[in-house]
Amino acid sequence: MWSRISELFSGLPAQRQVARKMIELGLCIAPDGRICCGEVEVKEVSLASAAGVDRRIVRSTVASILSDRKLSRLFAGIRPAGALLREVAHELGFGVVEIEANAQKSGTIAAATGLLARKRISVRQVYAKDPDLFENPTLVIITERPAPGSLIAEFSKIPGVTKVSIL
Numbered sequence: 001m002w003s004r005i006s007e008l009f010s011g012l013p014a015q016r017q018v019a020r021k022m023i024e025l026g027l028c029i030a031p032d033g034r035i036c037c038g039e040v041e042v043k044e045v046s047l048a049s050a051a052g053v054d055r056r057i058v059r060s061t062v063a064s065i066l067s068d069r070k071l072s073r074l075f076a077g078i079r080p081a082g083a084l085l086r087e088v089a090h091e092l093g094f095g096v097v098e099i100e101a102n103a104q105k106s107g108t109i110a111a112a113t114g115l116l117a118r119k120r121i122s123v124r125q126v127y128a129k130d131p132d133l134f135e136n137p138t139l140v141i142i143t144e145r146p147a148p149g150s151l152i153a154e155f156s157k158i159p160g161v162t163k164v165s166i167l
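Those letters in the sequence shown? Residues 1 to 167, by our numbering.
These aren't lab readings, by the way, just hints derived from the structure by calculation.
Warning: the hint list may mix true and false statements.
Simulated crosslink set (DSBU-like; lysine-lysine; CA at most 30 Å straight-line) [said to hold, decoys possible]:
1. Lys21 <-> Lys43
2. Lys21 <-> Lys70
3. Lys129 <-> Lys21
4. Lys129 <-> Lys157
5. Lys119 <-> Lys129
6. Lys129 <-> Lys43
Here are the in silico distance ranges between beta carbons for each label pair [to be verified]:
7. Pro146 <-> Glu7: 38 to 48 Å
8. Glu154 <-> Gly11: 19 to 29 Å
9. Ala110 <-> Pro148: 15 to 25 Å
10. Leu167 <-> Asn102: 14 to 24 Å
11. Asp54 <-> Asp132: 23 to 33 Å
12. Ser156 <-> Gly26: 30 to 40 Å
13. Pro31 <-> Glu91: 18 to 28 Å
14. Ser156 <-> Glu7: 13 to 23 Å
15. Arg69 <-> Glu98: 19 to 29 Å
16. Lys163 <-> Arg69: 38 to 48 Å
Each residue gets a CB set at the ideal place from its N, CA and C atoms; glycine is no exception.
Based on the sequences and whatever the hints tell you, model everything.
This is the structure in structure tokens:
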């Protein structure tokens with residue numbers, strides 16, 4: 001996907017930024033060119049503001065995507081991930097574990113959730129930031145109850161893990 005986006009927007013960094021922002025936010029493009037977040041239409045000016053570009057850049061990005069068969073199908077199928085609970089976890093009585101790891105190393109999610117399961121801490125939500133979108137992608141695990149700080153050392157033993165925070 002990223003190679004196709006880079007190819008289509010080669011020399012057009014502002015359009016590439018709009019495409020990245022759309023993927024980051026889970027925005028799709030309807031066949032008629034409308035930008036949507038699920039069933040809610042997003043105005044070009046709103047996306048332009050979020051991406052730090054002029055609304056005409058958004059319009060030209062959408063036109064370019066619609067003119068490319070593969071990207072058109074891709075952007076037609078994107079859906080938002082839903083409510084991410086990290087910012088409200090404590091108000092809900094949940095815990096948050098953030099893990100930075102080498103994105104090329106497989107098994108981090110399985111090892112981290114397995115560790116929590118062995119400690120009888122249920123997982124409510126897991127999401128990982130895309131390493132193609134974020135410079136320092138993190139794995140965020142929302143737990144049924146706060147995890148004890150003593151688990152930091154155990155999470156740190158997972159191959160590829162570079163940083164652990166229990167919030």
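Comparing the hints with the structure gives:
1. At most 30 Å may separate the alpha-carbon atoms for a hinted pair to count; Lys21 and Lys43 meet this at roughly 14 Å.
2. The suggested pairing of Lys21 with Lys70 holds, with an alpha-carbon distance near 18 Å, which does not exceed 30 Å.
3. With a CA separation close to 13 Å, the supplied pair Lys129 and Lys21 stays within the 30 Å bound.
4. This hinted pair checks out: Lys129 and Lys157 have alpha carbons roughly 21 Å apart, not beyond 30 Å.
5. Taken as a hint, the Lys119 and Lys129 pair is honoured in the structure, with Cα atoms around 25 Å apart against an allowance of 30 Å.
6. Note on Lys129 and Lys43: the hinted pairing holds, with a Cα-Cα distance of about 25 Å set against a maximum of 30 Å.
7. Checked against the given bound of 38 to 48 Å, the beta carbons of Pro146 and Glu7, roughly 45 Å apart, stay inside it.
8. In this structure, Glu154 and Gly11 break the distance hint of 19 to 29 Å, their C-beta atoms being roughly 47 Å apart.
9. Look at Ala110 against Pro148: about 21 Å separates their beta carbons, and that is inside 15 to 25 Å.
10. For Leu167 paired with Asn102, a C-beta distance near 22 Å keeps the hint of 14 to 24 Å intact.
11. Taking the beta carbon of each, Asp54 and Asp132 are about 24 Å apart, inside 23 to 33 Å as hinted.
12. At roughly 31 Å, the beta carbons of Ser156 and Gly26 sit within the given window of 30 to 40 Å.
13. Pro31 and Glu91 have their C-beta atoms about 40 Å apart, which leaves the hinted 18 to 28 Å range violated.
14. For Ser156 and Glu7, the Cβ-Cβ distance of about 39 Å falls outside the hinted range of 13 to 23 Å, so the restraint is violated.
15. For the pair Arg69 and Glu98, the supplied restraint of 19 to 29 Å is violated, since their beta-carbon distance comes to about 38 Å.
16. With their beta carbons about 41 Å apart, Lys163 and Arg69 fall inside the hinted range of 38 to 48 Å.
In summary, the numbered hints that this structure violates are 8, 13, 14 and 15.
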